[in-house]
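Peer 1: These are the residues of each chain, in order.
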Amino acid sequence: MPAATPSRPRIELELHDVYKTFEMGGEPISALRGVDLQVIEGEFIAIMGPSGSGKSTLLHILGLVDSEYQGTYDLGGERVSGRSTDELAPIRNQEIGFVFQAFFLLPHLSILENAALPALYARDRAPDECLAEARTRLEQMGLGHRLDHKPHEISIGQRQRAAIARALINDPRVILADEPTGALDSKTSQEILEIFNDLHRQGATILMVTHDQEVAAAAERNVYVRDGQIHV
Amino acid sequence: MARYTSDWHRLLLRFAWDGLSGQRGRSALTMLGMAIGTASVVAVVSIGLVGRGYVVGLIEGVGANLVLAYGTGEGVNPEEVDFDDVEVIREQVDGISALAPVLSTSRTLSIGGQPWPVTVLGVTPDYADVRNIVVTEGRFVTAREDANADKVAVLSPELALRMFGGDPPPDATIRLFDLRFRVVGVVREGVQSASAVGSSEISDLTAIVPFSTLRNVAGLRFLDVLYMRAESPQAVAGVVAGVKRVLAARHRSLGSFRIESLQRYLSLARQVSDAITLVLIAIAGVSLVVGGIGIMNIMLVTVTERTRDIGIRLALGARRRDILTQFLLEAPILSLAGGLLGVLVGAGGPLYVGILYDVPVPVSPASVAVAFGVSLAVGIFFGLYPARKAANMNIVDSLVYE
Chain A
51 MPAATPSRPR IELELHDVYK TFEMGGEPIS ALRGVDLQVI EGEFIAIMGP
101 SGSGKSTLLH ILGLVDSEYQ GTYDLGGERV SGRSTDELAP IRNQEIGFVF
151 QAFFLLPHLS ILENAALPAL YARDRAPDEC LAEARTRLEQ MGLGHRLDHK
201 PHEISIGQRQ RAAIARALIN DPRVILADEP TGALDSKTSQ EILEIFNDLH
251 RQGATILMVT HDQEVAAAAE RNVYVRDGQI HV
Chain B
48 MARYTSDWHR LLLRFAWDGL SGQRGRSALT MLGMAIGTAS VVAVVSIGLV
98 GRGYVVGLIE GVGANLVLAY GTGEGVNPEE VDFDDVEVIR EQVDGISALA
148 PVLSTSRTLS IGGQPWPVTV LGVTPDYADV RNIVVTEGRF VTAREDANAD
198 KVAVLSPELA LRMFGGDPPP DATIRLFDLR FRVVGVVREG VQSASAVGSS
248 EISDLTAIVP FSTLRNVAGL RFLDVLYMRA ESPQAVAGVV AGVKRVLAAR
298 HRSLGSFRIE SLQRYLSLAR QVSDAITLVL IAIAGVSLVV GGIGIMNIML
348 VTVTERTRDI GIRLALGARR RDILTQFLLE APILSLAGGL LGVLVGAGGP
398 LYVGILYDVP VPVSPASVAV AFGVSLAVGI FFGLYPARKA ANMNIVDSLV
448 YE
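Note that the protein sequences, when read in sequence, are chains A and B. Numbering-wise, the first sequence is residues 51 to 282 according to the working numbering. Numbering-wise, the second sequence is residues 48 to 449 according to the working numbering.
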């Protein structure tokens, strides 16, 4: 029996020589200065670094919400740099799952509708199907009894779980989490982190910005951003 | 992708609705602005229509398609319409459906020991019809009574009241020209204030007797006035011309005659009330525009307040067009809801007043449609700028917006 050749690990996303400059008070400020980053399918990466190091900028570029930078960005083998944020809307919708520190649930929508939102904006399924899918995802997160509640009516741990359900609903290529435990107490943090660990075990590709050494320890690989550059 | 378009639009409508219900108080106040504007437009048109209807009714009440001819008594050797004129007009002028020559004189009548000046009119039975006379008690004079020169009289309500304290008893009589006239009825003019349009030959204290009776007993040779009813509004001008022709041929000149119709007053009244209504609509329209600016103002505040919300939606994959549509829906929802409320108030108010005072109040469907259309247009127009502002937000900036 011929030995199975190990398939080459797939590169999910790749940044090459990315520069980003802000104008602030007329002064140009370099946020990123030649960033190279490769993320392989199924990796769980913690992005660390002091405030103002450029890690938020990095996350925004990775999440396709910031399209004004120099350098190249390939997502799933597709060149996404040089396109406008509006052209990137469907890719952002399908390939990126965002989890924010402040959850960013829409206050006037129910938990169910919030979780369904990316599926609804995809417009490839009937709204009822999207809601059914969101229900399934929320039940998996243990929120089956909170579907019709508004975000302010549930605990912050539940809010973050709802936000994770929302990030997952379109089965994205990459999950981007911006200090997802930053607003949580240690017990709740632990629960949320466990969810990310489960996702990682199921093969999800995760990039997580964090200040927390403990959180970083759970990741396979840590990436340090300092002065707009990556230090491994 | 296009498969779920209608579902999708319903969803965007839902998002817009959620956005509005998030700020109920503010949405309601903004809506109120539109409601007032719309209500003013609808109500003003109704008021205009009522006014127009009132004035036109006043004129028509005097007698539709009425033509009248009389001597003014002015000038050197003034002439009057005489009995032969009537016969010639009857024979030679086309388009007349009824003729009502009127004789008039005045007498002093002693009522309760006091002398009162009373107008005595001599008329043919057609008079009642031509002049829209309303019989409130008994009946009008008949053709037979006119032919026989019977001594019968119908009274104005004021005269009946003064003489009999109300409706005359069945055997009531009135003494005129030293003769006893049997009172057969009480009549009034179809329009109480007909004299507002022109002078009326019917005064407060009037007794109406058959034409031939008055001619005989008073020895009158000229008409006070000759009323004619044209067959149709279109025939009026022809009748006026025909009467002028006859009178000009039979008299020295037309100088002391006046021949007129009410058409002129009618069209003048219509024009004036239409012009007033238009001016009022323009004024009411200003409040619609003010309401629209209110909407724009509120939408701008809303867009700023929901900067984060917009950023989140964009980050989750909403296209700018989706955001534009969502916000573009909010303003017309406000303006249409306001418009609906305004139409209810603007139409309901006048209708209610109409029922309260038992006056027919017309509500113009056109004004309702226009008010609705204008509120929609105002909503879209004034919603466009804030919606574009929302759709063109920088995602990163709006995500970090506090």
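Think of the hints as simulated: they come from the structure by calculation, not from any bench. Heads up, some of the hints might be wrong.
[Stated by the list, open to error] Pairwise CB distance ranges, derived in the manner of DEER restraints:
hint : chain 1 : residue 1 : chain 2 : residue 2 : range
1    : A       : 140       : B       : 398       : 50 to 56 Å
2    : A       : 240       : B       : 61        : 34 to 40 Å
3    : B       : 441       : A       : 88        : 27 to 33 Å
4    : B       : 441       : A       : 240       : 31 to 37 Å
5    : A       : 134       : B       : 428       : 26 to 32 Å
Just so it is clear, the structure is predicted and the values come from calculations on it, not from any experiment. Idealized CB from N, CA, C, for every residue including glycine.
Peer 1: In ascending order, which of the hints set out earlier in this document are inconsistent with the structure?
Peer 2: none
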